[in-house]
Amino acid sequence: MSSIVAPFQRTYRYLQRQAHENPVIFYSVIIGSIGPVLAITIPPIRERYGYRPAEMIPTSYPLPNRPRRPTQGYEDP
Amino acid sequence: MNNLFFIFIFVPILAFILLALNVLFSVHRPDEAKVSAYECGFIALPGQTRSTFQIHFMIVALLFLIFDLEILLLFPLAVTLYQVSIFGFTIGIVFFIVLTIGFVLEIGSGAISLVNIEQSNNK
Amino acid sequence: MNKSNLIENLVGLIFNLADVLSIILPVLLSVAFMTIIERKQLAAHQRRVGPNTVGYYGILQPFADALKLILKETVIPSQSNKVIFYLAPVSTLVFSLLGWAVIPFGQGLVLSDLSLGILYTLALSSLGVYGVLLAGWSANSKYAFLGSLRSTAAMISYELILSSAILIIILLTGSLNYIEIIEIQQSIYFIVPLLPVFIFYFISILAETSRTPFDLQEAKPDLQKIAGFFTEHSSVPFVFFFLGEYSSIVLFSCITAIFFLGGYNFNEIFINESIFNLQAIILGLKTCIFTFFFVWFRATLPRLRYDQLISLCWLNLLPVAVAFIILIPSILITFDISPY
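Line order of the protein sequences matches chains P, Z and E.
When you number the first sequence by full-length UniProt numbering, it's gap-free, plus one each residue, and the end is 77.
When you number the second sequence by full-length UniProt numbering, it's gap-free, plus one each residue, and the end is 123.
When you number the third sequence by full-length UniProt numbering, it's gap-free, plus one each residue, and the end is 340.
Simulated from the structure, these hints should not be mistaken for lab results.
Misleading hints may appear alongside valid ones.
[Said to hold, decoys possible] Now the in silico label distances, taken between C-beta atoms and shown as ranges:
| no. | chain 1 | residue 1 | chain 2 | residue 2 | range |
| --- | --- | --- | --- | --- | --- |
| 1 | Z | Met58 | E | Phe297 | 55 to 63 Å |
| 2 | E | Asn9 | P | Val24 | 36 to 44 Å |
| 3 | Z | Leu72 | E | Pro196 | 48 to 56 Å |
| 4 | Z | Val84 | E | Leu285 | 24 to 32 Å |
| 5 | P | Tyr27 | Z | Ile91 | 42 to 50 Å |
| 6 | Z | Leu24 | E | Leu195 | 49 to 57 Å |
| 7 | P | Glu75 | E | Pro196 | 37 to 45 Å |
| 8 | P | Tyr27 | E | Val83 | 35 to 43 Å |
[To be verified] Under 7 Å between C-beta atoms, here's a sample of chain Z residues computed to sit facing chain E:
| no. | residue |
| --- | --- |
| 9 | Ala15 |
| 10 | Ile17 |
| 11 | Leu19 |
| 12 | Ala37 |
| 13 | Thr49 |
| 14 | Phe57 |
| 15 | Phe64 |
| 16 | Phe87 |
| 17 | Phe95 |
Keep in mind it's a predicted model, so treat the numbers as computed, not measured.
Every residue gets a Cβ at the ideal spot worked out from N, C-alpha and C, and that includes glycine.
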């Protein structure tokens, strides 16, 4: 049993030491790596519970399928 | 005329009006001791000004240049995060990871640690 | 035809002048009162009375000071570069006053509603460094030179933190326009979701305006009591540095109020269609909160050492800023709530 836990225990001790000695760097790395982890794990879970991503709001309109009408009567006098 | 353009003209004029007021109202009697460089209690030695300074200030300025550029490069991404969506976000994260590697390298080499530079100078 | 055109142009110019004066004069007054507020509040923190002789409760003290300084003699050191010597204080004042051009005081009450208002502000705050740099260089005095070196290194380091904090605000709003930033905060003020960001943002603006925990240019024993980079400046050039510093304090307080406390937003009763809408007063009160913070920190905190200042910025604040720059867009993407 102890042989399975032992390497992880050393890692855990190392992390504990880092959290004590460089708390800013340590917690920055944790906060920063939470972000991508969230972005990978959360959307599948949300989809399993029935969330469908909303349709993208259109940023342009479809061009009409006809030749462009020339505008007339708006020239400066 | 544009208001922004007008304020760009108006504020310097205001500043120069204040300077002119000072010229009008104040006395002006310089003497040799008054116009010499400031020094604590004795006559200023020539050749001490604009001397060499620690490389540390230069390094900080250089690092600022790179990092500020990189953060400003993210501004367009921040404005269009909805449009570029997950793809642009991934690119942004990759960009930032590269930036972070550079940052770790810079901290590791001790470039911004003033104390280390002082110690290495003493050696 | 020609004559009426000329009159039209003149009338337009007068309206422009009125617009600009209605921004600049209250700003100059507020800067003047900022100095007396600082002195009175520091006195209150230390259980003193403070200035109380000139006018009622010493209210006219800043005007007396300004008049006295205008009447003083300008001493120009013989070894200095004369043009840059005058240009440095002027540029400090000008760049800090120009920042007010894009601040909205109410719905539509803005001198110039730039769509890139935030980039304008960032550019002007970067240009503010030049005043410090040129002043230290042109005076040709070793104390001014050392003071300007320290100020410049501190200011540019903390500008990095400032622009990363602003980047996070932009991520939440999706716009670089001040009015849109304010309008999007009608649902919630950004200080609630972004409290950690607010903390390092505020630390960075304290350093950016070189206020007390970070006023290193006048800290070390060799620079004490000779005021850092403006050692050689006297009378009106000195007033310009002073005005520029306090103007940027008020400006940054105002920008903080806009970014984190929702600018002119408040409960519905204060927003009405009549001429007496109180939005500008709301913004002013929120600005006062942060100016109070500035003076409060000056009364409370001791100074940092110089290497502590630089390592606080690069080793402590910048990793946190980078972490939040990665975390916030990830949350926006994850929950599909990025602003349109």
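- Of the hints given before, which are not true for this structure? Violated: hints 1, 2, 3, 4, 5, 7, 8, 10, 16 and 17.
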